[in-house]
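Read off the chains here:
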Amino acid sequence: MSVSTEVAPHGHGEHAEHPEYMRHQFDDMDQQNSAASLGMWLFMMTEVMFFGGFFLGYSIYRSEYYESFVNGSHHLAMFLGGLNTVVLITSSVTMAFAVRAAQLGKKNHITAFLVMTLLLACTFMVVKFIEYKDKWDHHLIPGMDFVWTDPGDPRTVQLFYGFYFCMTGMHGLHVIIGVGLLIWLLIRVKQNKFNSEYYAPIENFGLYWHFVDLIWIFLFPLLYLIGGLHE
Amino acid sequence: MAEHAEHIEHSGPHIASVSNYLTIFSLLLILTAATVGVALMDLGIFNTVVALMIACVKAMLVILYYMHLKFSPGQIKLAAAAAIFWLMIMLVITAFDYVGRAWQHVPAGW
Chain A
1 MSVSTEVAPH GHGEHAEHPE YMRHQFDDMD QQNSAASLGM WLFMMTEVMF
51 FGGFFLGYSI YRSEYYESFV NGSHHLAMFL GGLNTVVLIT SSVTMAFAVR
101 AAQLGKKNHI TAFLVMTLLL ACTFMVVKFI EYKDKWDHHL IPGMDFVWTD
151 PGDPRTVQLF YGFYFCMTGM HGLHVIIGVG LLIWLLIRVK QNKFNSEYYA
201 PIENFGLYWH FVDLIWIFLF PLLYLIGGLH E
Chain B
232 MAEHAEHIEH SGPHIASVSN YLTIFSLLLI LTAATVGVAL MDLGIFNTVV
282 ALMIACVKAM LVILYYMHLK FSPGQIKLAA AAAIFWLMIM LVITAFDYVG
332 RAWQHVPAGW
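So the sequence lines, in the order shown, correspond to chains A and B.
The opening residue of the first sequence carries number 1 in this note's numbering; numbering runs sequentially from there.
The opening residue of the second sequence carries number 232 in this note's numbering; numbering runs sequentially from there.
Treat the hints as calculated values from the structure; they're not laboratory data.
Watch out, some of these pointers could steer you wrong.
[Unchecked claim] Distance condition first, Cα-Cα at most 30 angstroms in a straight line; then the derived DSS-like pairs of lysine-lysine:
1. K193/A / K308/B
2. K190/A / K107/A
3. K308/B / K190/A
4. K128/A / K308/B
The task is simple: from the sequences and hints, build the whole structure.
This is the structure in structure tokens:
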């Protein structure tokens with residue numbers, strides 16, 4: 001689909017006019033969109049390696065100090081973790097619908113689904129705050145007056161909490177960045193910056209948001225559900 | 232509404248139907264319930280194995296359908312495959328290193 005022929009009847013040769021959302025260096029919107037997509041996937045590749053480091057460290061120390069990881073895990077709120085899983089999965093489907101609305105050029109639907117995603121992201125952070133507050137109250141912050149009276153070596157249980165806070169903290173930071181980006185997208189939608197041909201920022205944010213969901217899909221069983229039955 | 236979407240003529244992006252997204256959504260919810268259900272049973276070492284298998288199935292559903300990888304061009308599939316491949320290099324080779332070397336325990340008497 002050639003954009004320049006549609007919007008610029010006088011356009012000839014290399015100086016054909018093009019809409020403001022199309023960058024000079026691209027031949028057409030298809031090319032620009034596929035470049036934007038590939039760039040986003042390459043970025044996510046680096047994110048996979050970034051979180052992969054956490055998962056690697058986690059696996060090694062979990063195999064070394066399995067009992068402590070089980071004991072530490074039993075103090076996490078399985079219900080709240082499960083609730084947050086459902087919240088994130090739901091926010092993923094609302095985000096998928098926002099991208100679909102963008103593809104179809106339905107502005108009101110885009111706004112509605114982005115707002116839903118935003119609210120669910122905030123819900124996730126509120127639940128996360130409740131969990132962190134509980135750990136704070138019970139002196140389960142590694143390196144800060146860490147107190148462990150249950151079975152298990154406090155030093156290695158502390159290691160488990162180190163992984164818990166690093167992994168969920170870094171994931172939570174991604175959610176917070178996501179909230180910021182969602183607000184930015186909502187402003188751009190309100191300014192009529194997108195149409196059914198140009199919506200790459202919405203689509204790429206969708207990819208980012210699904211990636212954040214993906215990480216949580218692994219974090220939930222690995223952190224909250226170690227060693228089976230508890231509570 | 233779902234059928235409406237399928238009849239849209241387009242050369243560009245894949246536009247999935249609403250029912251497709253809702254089906255994946257319900258599958259993800261069912262699998263989340265399954266994860267919790269399995270965790271409440273005592274399967275020994277298989278607790279972890281099953282939990283990770285369910286997580287991988289959920290991840291595949293998200294990647295293939297929500298992230299549209301199934302309908303993406305080859306270069307995107309290659310990028311996704313490379314991400315998983317490099318992750319596996321890091322995880323598997325490091326794991327071999329830990330399993331294969333006796334560097335974890337300080338011998339008694341030291």
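Regarding the pair K193/A and K308/B, is the alpha-carbon distance no greater than 30 angstroms?
29 angstroms, holds
Keeping to a limit of 30 angstroms between CA atoms, is the pair of K128/A and K308/B held or broken?
33 angstroms, violated
Between K308/B and K190/A, does the CA-CA distance stay at or below 30 angstroms?
33 angstroms, violated
Please verify whether K190/A and K107/A have alpha carbons no more than 30 angstroms apart.
Given that 30 angstroms is the threshold and the Cα spacing comes to 8 angstroms, the pair holds.
The structure does not agree with the numbered hints 3, 4 stated previously, though it agrees with the rest.
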